[in-house]
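2 protein chains.
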Amino acid sequence: MIKSLNQAFCILPGVGSKTAQRFIYYLLEHNREGGLALAKALTGAMEQVKHCGICRTLSEATACEICDNDKRDDSQLCIVETPADIHAIEQSGIYKGKYFVLGGYLSPIDGIGVAELGLDELNKMLSKQKIAEIILATNATAEGEVTAHYISNIAKQFDVQITRIAHGIPIGGELEYADINTIAHALSGRKNYD
Amino acid sequence: MIKSLNQAFCILPGVGSKTAQRFIYYLLEHNREGGLALAKALTGAMEQVKHCGICRTLSEATACEICDNDKRDDSQLCIVETPADIHAIEQSGIYKGKYFVLGGYLSPIDGIGVAELGLDELNKMLSKQKIAEIILATNATAEGEVTAHYISNIAKQFDVQITRIAHGIPIGGELEYADINTIAHALSGRKNYD
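These protein sequences, in sequence, are chains A and B.
In this text, residue positions in the first sequence follow my numbering: the first is 887, and each later residue adds one.
In this text, residue positions in the second sequence follow my numbering: the first is 887, and each later residue adds one.
Rather than coming from a laboratory, the hints here were simulated on the basis of the structure.
Ideal placement from N, C-alpha and C gives every residue a C-beta, glycine not left out.
Take these hints with a grain of salt, some might be off.
Each computed DMTMM-like pair below joins lysine to aspartate or glutamate, with the alpha-carbon atoms no more than 25 angstroms apart [stated by the list, open to error]: (1) B/Lys904 / A/Glu976; (2) B/Lys889 / A/Asp956; (3) A/Lys926 / B/Glu1029; (4) A/Lys1042 / A/Glu1060; (5) B/Lys1010 / B/Glu1029.
Negatives, chain B to chain A, calculated, CB over 10 angstroms [to be verified]: (6) Ser890; (7) Pro899; (8) Tyr911; (9) Glu915; (10) Ala923; (11) Lys926; (12) Gln962; (13) Pro969; (14) Asn1009; (15) Val1032; (16) Gln1043; (17) Asp1045; (18) Ile1066; (19) Thr1068.
Taking CB as the label site, the calculated pair distances span [what the hints assert, rightly or not]: (20) A/Cys896 / B/His1053: 28 to 34 angstroms; (21) B/Asp996 / A/Gly930: 52 to 58 angstroms; (22) B/Ser978 / A/Arg958: 31 to 37 angstroms.
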């Protein structure tokens, strides 16, 4: 029973047999109630969390909290790869528009294409709604850049401003330790100092 | 629902909100079946795993696999702090005797005394069974040493050899990077070279 629980824990990203064992001994020796509560919360989430019908993020309701919020700016649409990206942007507190979740990046070799990323829905959204700006916030990886480029080509058919989040030295980061690509981006993307 | 699952994950040792979020998004996006299986295994283990009536390790049966195994040497008793320690020693494959699990170390300030560590049971075991050697395998910490010393005082009343596992430079370890206490132990515990 402990062995099968160990294997079950090992499906979690970054969790191996040793970490799983640590979890299990901790729960069994110190917090069985917590373990049962975790099991219950897990079952509930796995069975009841679906995707938002509008922005495709994870949500219990058919429309997520952000899509359902009238106070959010409908004219801005931020395009991200995963629901975790929304969480990260929300924590910055600076963005008040809406989101669209791709659920990954373009990768034809893995069978992830236009349909899987919901780009048809995005196309419909752009044609039906009055969106003034779409912000491409895919990751700063090769795949993220390709995906952003592809989406910008779709968006160009519409009367919409297309922007990409800025890339450069992270705040608090030291130039000395930044990689060359980041430094190149930071230099070529320099702005007038005011 | 995602928030409460996040909190439930955070009870695990070494898991904070960010790691929990990573677990949750992974399970929801890529492996809901695995999540449900984990919940089931957790519930089963929390409800059904008890302690072995003999050695006090975690076990589904009233006697654990090791205590129930006739091929294990009854005359050796290895005393460890936790069930995880048994697991570690078993993996070395060198020990064929039995175990006794304290479930912690002596710590009167936290209310962990003779009764909590099962030292009365240990006393009974030593008086009833023919045990030739007890191996003190508590951790090499101040608390582990105190606990080992206390148990050795109990065991001295009986005709039993009392040994302590060796401490020194770990195999594969470099002297240069060992801490001074370990080096002191390694020197004072030196053996004839054969």
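Hints and how they fare:
1. B/Lys904 / A/Glu976: holds (14 angstroms)
2. B/Lys889 / A/Asp956: holds (22 angstroms)
3. A/Lys926 / B/Glu1029: violated (37 angstroms)
4. A/Lys1042 / A/Glu1060: Roughly 37 angstroms between the alpha carbons, so the hint for A/Lys1042 and A/Glu1060 is violated.
5. B/Lys1010 / B/Glu1029: Within the cut-off at roughly 24 angstroms; holds.
6. Ser890: violated (5 angstroms)
7. Pro899: For B/Pro899, whose nearest Cβ neighbour in chain A is about 5 angstroms away, the distance does not exceed 10 angstroms, so it is violated.
8. Tyr911: violated (5 angstroms)
9. Glu915: violated (7 angstroms)
10. Ala923: Given that some Cβ of chain A is not farther than 10 angstroms from that of B/Ala923, nearest at about 5 angstroms, it is violated.
11. Lys926: violated (7 angstroms)
12. Gln962: holds (24 angstroms)
13. Pro969: violated (6 angstroms)
14. Asn1009: holds (23 angstroms)
15. Val1032: Given that every Cβ of chain A is farther than 10 angstroms from that of B/Val1032, nearest at about 21 angstroms, it holds.
16. Gln1043: holds (30 angstroms)
17. Asp1045: holds (33 angstroms)
18. Ile1066: holds (28 angstroms)
19. Thr1068: Consistent with the label, B/Thr1068 stays out of reach of chain A, its closest Cβ about 22 angstroms off (over 10 angstroms).
20. A/Cys896 / B/His1053: 28 to 34 angstroms: holds (32 angstroms)
21. B/Asp996 / A/Gly930: 52 to 58 angstroms: Since the Cβ atoms of B/Asp996 and A/Gly930 sit about 35 angstroms apart, the hinted range of 52 to 58 angstroms is violated.
22. B/Ser978 / A/Arg958: 31 to 37 angstroms: violated (59 angstroms)
Of the hints listed earlier, those the structure fails to meet are numbers 3, 4, 6, 7, 8, 9, 10, 11, 13, 21 and 22, in rising order.
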